[in-house]
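In order, the protein sequence lines correspond to chains A and B.
Under the numbering used here, the first residue of the first sequence is numbered 168, with each subsequent residue one higher.
Under the numbering used here, the first residue of the second sequence is numbered 180, with each subsequent residue one higher.
Think of the hints as simulated: they come from the structure by calculation, not from any bench.
Quantities reported herein were computed from a predicted structural model and do not represent experimental measurements.
Treat the hints with care, since some could be wrong.
Here are the computed distance ranges between Cβ atoms for each label pair [as the list claims (entries may be wrong)]: (1) T382/A <-> S279/B: 52 to 60 Å; (2) P192/A <-> Q569/B: 54 to 62 Å; (3) D529/B <-> R256/A: 45 to 53 Å; (4) T382/A <-> R219/B: 42 to 50 Å; (5) D779/B <-> R256/A: 37 to 45 Å; (6) G184/A <-> E400/B: 53 to 61 Å; (7) G799/B <-> G377/A: 46 to 54 Å; (8) G302/A <-> N680/B: 38 to 46 Å; (9) D395/B <-> K409/A: 36 to 44 Å.
Chain A regions said to be covered by chain B (calculated; three or more residues, Cβ under 8 Å) [what the hints assert, rightly or not]: (10) 221 to 233; (11) 260 to 272; (12) 299 to 308; (13) 311 to 323; (14) 354 to 363; (15) 382 to 391; (16) 397 to 410.
Some chain B residues flagged as far from chain A (calculated, every beta-carbon gap over 12 Å) [what the hints assert, rightly or not]: (17) E181; (18) G209; (19) G277; (20) R282; (21) L329; (22) Q351; (23) T424; (24) A558; (25) Y636; (26) L655; (27) R672; (28) E751; (29) A773; (30) D801.
Ideal Cβ positions, reconstructed from N, Cα and C, are used throughout, including at glycine.
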Amino acid sequence: MNLTLRIWRQSGPDDPGRMVSYPVPDVSPDMSFLEMLDVLNERLTLDGEEPVAFDHDCREGICGACGMVINGVAHGPERATTACQLHMRHFSDGQTIDIEPWRARAFPVVKDLVVDRTAFDQIIAAGGYITAPAGSAPEAHAQLVRKSDADAAFESAACIGCGACVAACPNGSAMLFTAAKVTHLSLLPQGQPERSTRVVGMVDAHDAAGFGGCTNIGECTAVCPKGIPLTSIGRLNRDYLKATRDRDGAPGT
Amino acid sequence: MELFTHGEPIADTKAPDGPIETRWQRRRFGAKLVNPANRRKLTVIVVGTGLAGGSAAATLGELGYRVKSYCYQDSPRRAHSIAAQGGINAAKNYRNDGDSIQRLFYDTVKGGDFRSRESNVRRLAEVSVEIIDQAVAQGVPFAREYGGLLDTRSFGGAQVQRTFYARGQTGQQLLLGAYQALERQIGLGRVEMYSRHEMLELIVVDGRARGIVVRDLVSGEITTEYADAVVLASGGYGNVFYLSTNAKGCNVTATWRAHRKGALFANPCYTQIHPTCIPVSGDHQSKLTLMSESLRNDGRVWVPQRAGDDRPPREIPEDERDYFLERMYPSFGNLVPRDIASRAAKGVCDSGRGVGATGLGVYLDFADAIGRLGRSTIADRYGNLFEMYQRITGEDPYEVPMRIYPAVHYTMGGLWVDYDLESTIPGLFVIGEANFSDHGANRLGASALMQGLADGYFVLPSTIADYLSAGPFEPLTDDHPEVAAARNDVADRLARLLACNGDRTVDSFHRELGQIMWDHCGMERSDTGLRKALAEIRSLREQFWQRVRVPGDGEGLNQALEKAGRVADFFELAELMCVDALHRTESAGGHFRAESQTPDGEAQRDDDRFSYVAAWEFTGADRPPVLHKEDLDFEYVHPTQRSYK
Numbered sequence: 168m169n170l171t172l173r174i175w176r177q178s179g180p181d182d183p184g185r186m187v188s189y190p191v192p193d194v195s196p197d198m199s200f201l202e203m204l205d206v207l208n209e210r211l212t213l214d215g216e217e218p219v220a221f222d223h224d225c226r227e228g229i230c231g232a233c234g235m236v237i238n239g240v241a242h243g244p245e246r247a248t249t250a251c252q253l254h255m256r257h258f259s260d261g262q263t264i265d266i267e268p269w270r271a272r273a274f275p276v277v278k279d280l281v282v283d284r285t286a287f288d289q290i291i292a293a294g295g296y297i298t299a300p301a302g303s304a305p306e307a308h309a310q311l312v313r314k315s316d317a318d319a320a321f322e323s324a325a326c327i328g329c330g331a332c333v334a335a336c337p338n339g340s341a342m343l344f345t346a347a348k349v350t351h352l353s354l355l356p357q358g359q360p361e362r363s364t365r366v367v368g369m370v371d372a373h374d375a376a377g378f379g380g381c382t383n384i385g386e387c388t389a390v391c392p393k394g395i396p397l398t399s400i401g402r403l404n405r406d407y408l409k410a411t412r413d414r415d416g417a418p419g420t
Numbered sequence: 180m181e182l183f184t185h186g187e188p189i190a191d192t193k194a195p196d197g198p199i200e201t202r203w204q205r206r207r208f209g210a211k212l213v214n215p216a217n218r219r220k221l222t223v224i225v226v227g228t229g230l231a232g233g234s235a236a237a238t239l240g241e242l243g244y245r246v247k248s249y250c251y252q253d254s255p256r257r258a259h260s261i262a263a264q265g266g267i268n269a270a271k272n273y274r275n276d277g278d279s280i281q282r283l284f285y286d287t288v289k290g291g292d293f294r295s296r297e298s299n300v301r302r303l304a305e306v307s308v309e310i311i312d313q314a315v316a317q318g319v320p321f322a323r324e325y326g327g328l329l330d331t332r333s334f335g336g337a338q339v340q341r342t343f344y345a346r347g348q349t350g351q352q353l354l355l356g357a358y359q360a361l362e363r364q365i366g367l368g369r370v371e372m373y374s375r376h377e378m379l380e381l382i383v384v385d386g387r388a389r390g391i392v393v394r395d396l397v398s399g400e401i402t403t404e405y406a407d408a409v410v411l412a413s414g415g416y417g418n419v420f421y422l423s424t425n426a427k428g429c430n431v432t433a434t435w436r437a438h439r440k441g442a443l444f445a446n447p448c449y450t451q452i453h454p455t456c457i458p459v460s461g462d463h464q465s466k467l468t469l470m471s472e473s474l475r476n477d478g479r480v481w482v483p484q485r486a487g488d489d490r491p492p493r494e495i496p497e498d499e500r501d502y503f504l505e506r507m508y509p510s511f512g513n514l515v516p517r518d519i520a521s522r523a524a525k526g527v528c529d530s531g532r533g534v535g536a537t538g539l540g541v542y543l544d545f546a547d548a549i550g551r552l553g554r555s556t557i558a559d560r561y562g563n564l565f566e567m568y569q570r571i572t573g574e575d576p577y578e579v580p581m582r583i584y585p586a587v588h589y590t591m592g593g594l595w596v597d598y599d600l601e602s603t604i605p606g607l608f609v610i611g612e613a614n615f616s617d618h619g620a621n622r623l624g625a626s627a628l629m630q631g632l633a634d635g636y637f638v639l640p641s642t643i644a645d646y647l648s649a650g651p652f653e654p655l656t657d658d659h660p661e662v663a664a665a666r667n668d669v670a671d672r673l674a675r676l677l678a679c680n681g682d683r684t685v686d687s688f689h690r691e692l693g694q695i696m697w698d699h700c701g702m703e704r705s706d707t708g709l710r711k712a713l714a715e716i717r718s719l720r721e722q723f724w725q726r727v728r729v730p731g732d733g734e735g736l737n738q739a740l741e742k743a744g745r746v747a748d749f750f751e752l753a754e755l756m757c758v759d760a761l762h763r764t765e766s767a768g769g770h771f772r773a774e775s776q777t778p779d780g781e782a783q784r785d786d787d788r789f790s791y792v793a794a795w796e797f798t799g800a801d802r803p804p805v806l807h808k809e810d811l812d813f814e815y816v817h818p819t820q821r822s823y824k
């Protein structure tokens, strides 16, 4: 296959950035999308040009490092697939492919396709945990957990923190990411004592980091490589309203 | 030139003797403590945020130490522990099937082919039960039964069901538990987190590990960071083979730099090669993906009987197929252990009967199982794996057999540590896959997660206090001669890499190095092959330093420069792996020497000559390393020959 890539190049946060075209000949349909970028980068290096910077690590869809907007869609055209698991057989000979970084106020571009997602860590640090210092845990079977709750908690806990939800959201909201963690922990009996402080702390950190509000558009769940459902945001909202009502006597403040 | 020289034997001086059941208890009682008010005056650096490093940094923060945590990824949550699939072993005996701490200890020593240290393995088995309690308390959503109890399943090398799991994402869920505990400490200000930072040198002052030199991967700035103790939790070195199931960024630099500063490197040749991975599809291949071992429960492994038979698999009649595992190992069949299955697959491919475009693959066929059990039963058991296979290869395993081939998966070797997990440099502790201690010559499935978390949550936080009780140590400044030298070494090395400006990319060298290692220091090693590899590695290393091309500069994000530094260290490690493999003329676990096999082709250990840990001392990049032996005594588990016929 012969392809034309139009890739966002930006040398650093102060560079306005631009799309640059690169022809890439001899692409094998068995290559992953990132392997196709590897081939381009090898050639750019030998031609004396700067290779394209992009985040990646496990290349099996679980670490959440990779992420790029491919032809306008976060992680590209295949549903429930990260960019590293996307293969070139889903593209056609002669196609032009646009590749851009996540674009959101809370995810500033570091270089080319690399963005800064530390805001996600800040949201977790503000309450996305259960306090259980090592050594303090009771016997694992001391508390039973309904299988349906454990399974549902797992579905939310499967979030890989890639940020596609933010990139796809017209508001640049990270509500799906935040709600996935709130849902995971609030479904478990161990998560109950901190249920209120957790949701308030996480939502406050979310807003402080510059993410937008959620208006139930649903683009987030459509691009989520792990299929985190939109209903988890409903669960977050319920927990948040209850927590703020208990705290202030008036919900939502 | 001599390959290596002999040095003084070493001993683990911290492990108490006497009854093994109480050694850990007695060591903990004998260790000095640090009172809570003094802990905040002590600083600990932790490099790496996987299961070992993440859990250690969080726990040390909880205890009140000042912790600085470093990872090269953009977030501590992305460390490669996240990709572990199968599960975590623990001797809970919830199944009432005869499990016990003693049995987990026994299985692990035996699974390691009698090349691990009994004291450490016994402690690992003891601590395993606490890990499950800890993870459940943190909200790790393990699989459960309808009654609300934890579910467990079977894994290789054991006859009891002691493996706890969360679908095929157990590593992810355990790592997120540790990551969340770590983020809590970061939020509380007890841990300072430096992501996108890479350790490039260890600082040793007055014989103690006192800090690290790091590069901020975004700004390019090189800084020196000081502490009273340094903990390396930087993972394994499987990426020396270029293609492995490791993440692309996994590297040996942190441990190799420490090795160059005096820490002994133990058993570097012990490498685990996993039999069921998706094969290489072409020269563009950048990494390999594991397909769970569980598939061999229902899949049958075969190749065509005739070399060069390139008919589609469904057109090859039954009597022209060779179900080689069933033929060679009639009693275990397709379920022989990892090392055996891997070597057998290599053997049939070497004889020209491999399948797929590259000839490096064998079929894993579910046609019989689908015929016997129905498609829906197979989908229930393996649906997600079939889907992953189809996503990567474009082939439907319900219709055509999977193609699989072995791939490098885990490294049992690592920096030598004593019972306290302290290296031969005082104040330098090494935990998780980065150390050598618990798996001997072969790791059992579901034991890597157990070891990482045992080290990080429970062992290190106890043992490091004994060392820290002598601190805080004298404050250091950037103008201290040892500090300045370490920092200058880093700057010079980066400048050298950037100045080469040659005609080959870093990846082209890495691929070539990986191929040499795979051919000669992979599934089967021989004297001739290893000597050839050593000559090729040395010559390639020289070329690397003359011809590598690293674009850009060191002033900002430069991913090629990061890779170049890692590959430079892999070159030096590769030589040591070959020397270690060459000197160990026995076969043991993941190390198979062609010269040491039984008459029917199985691995032949030589306990009289090789029942020791080989701990290597660095003497210079072009000088022979020095071999120090730690003799292994087996008081509780007596070495036997493994057989699977």
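Results of checking the hints against the structure:
About 57 Å separates the C-beta atoms of T382/A and S279/B, a value consistent with the hinted range of 52 to 60 Å. Look at P192/A against Q569/B: about 27 Å separates their beta carbons, and that is not inside 54 to 62 Å. Look at D529/B against R256/A: about 30 Å separates their beta carbons, and that is not inside 45 to 53 Å. A hinted range of 42 to 50 Å for the beta carbons of T382/A and R219/B is consistent with their spacing of about 45 Å.
Distance hint for D779/B and R256/A: a CB-CB separation of about 44 Å, consistent with the stated range 37 to 45 Å. Checked against the given bound of 53 to 61 Å, the beta carbons of G184/A and E400/B, roughly 23 Å apart, lie outside it. At roughly 52 Å, the beta carbons of G799/B and G377/A sit within the given window of 46 to 54 Å. The given range of 38 to 46 Å is broken by G302/A and N680/B, whose C-beta atoms sit roughly 54 Å from each other.
Range check, D395/B to K409/A: Cβ separation about 42 Å, and the 36 to 44 Å hint holds. With 10 residues having a beta carbon nearer than 8 Å to a beta carbon of chain B, the stretch 221 to 233 of chain A meets the requirement of three or more and the stated coverage holds. Beta-carbon proximity to chain B at under 8 Å applies to 0 residues in the stretch 260 to 272 of chain A; the threshold of 3 is not reached and the given coverage is violated. Coverage of the stretch 299 to 308 of chain A by chain B holds in this model, with 10 residues showing a Cβ closer than 8 Å to a Cβ of that chain against a need of three.
Counting residues of the stretch 311 to 323 of chain A whose beta carbon lies closer than 8 Å to any beta carbon of chain B gives 8, which meets the minimum of three for the stated coverage. Requiring three or more residues with a Cβ within less than 8 Å of a Cβ of chain B, the coverage given for the stretch 354 to 363 of chain A holds, as 3 such residues are present. Note: the stretch 382 to 391 of chain A has 0 residues with beta-carbon separation from chain B under 8 Å; the three-residue rule is not met and the coverage is violated. Remark: the stretch 397 to 410 of chain A is not confirmed as covered by chain B, as 0 of its residues place a Cβ nearer than 8 Å to a Cβ of that chain, below the required three.
Residue-level check passed: E181/B sits 39 Å from the nearest beta carbon of chain A, beyond 12 Å. Separation of G209/B from chain A is adequate, the least Cβ-Cβ distance of about 19 Å exceeding the 12 Å criterion. The beta carbon of G277/B is kept farther than 12 Å from every beta carbon of chain A, the shortest such distance being approximately 19 Å. The Cβ of R282/B sits about 19 Å from the closest Cβ of chain A, beyond the 12 Å cut-off, so the non-interface label holds.
Against the 12 Å criterion, L329/B falls within the reach of chain A, whose nearest CB is about 6 Å from its own CB. Separation of Q351/B from chain A is inadequate, the least Cβ-Cβ distance of about 6 Å not exceeding the 12 Å criterion. Its beta-carbon lying about 8 Å from the closest one in chain A, T424/B breaks the requirement of being farther than 12 Å from that chain. Even its closest Cβ contact with chain A, about 17 Å, leaves A558/B beyond 12 Å, as expected for a residue assigned away from the interface.
A beta-carbon of chain A is positioned within 12 Å of the beta-carbon of Y636/B; the least distance is around 4 Å. Against chain A, the non-interface label of L655/B holds: every CB pair exceeds 12 Å, the least being about 29 Å. With a minimum CB-CB distance of about 20 Å to chain A, R672/B clears the 12 Å threshold, and the non-interface call stands. With a minimum CB-CB distance of about 23 Å to chain A, E751/B clears the 12 Å threshold, and the non-interface call stands.
At roughly 33 Å from the closest C-beta of chain A, the C-beta of A773/B stays outside 12 Å, upholding its exclusion from the interface. Every CB of chain A is more than 12 Å from the CB of D801/B (nearest about 29 Å), matching its label as outside the interface.
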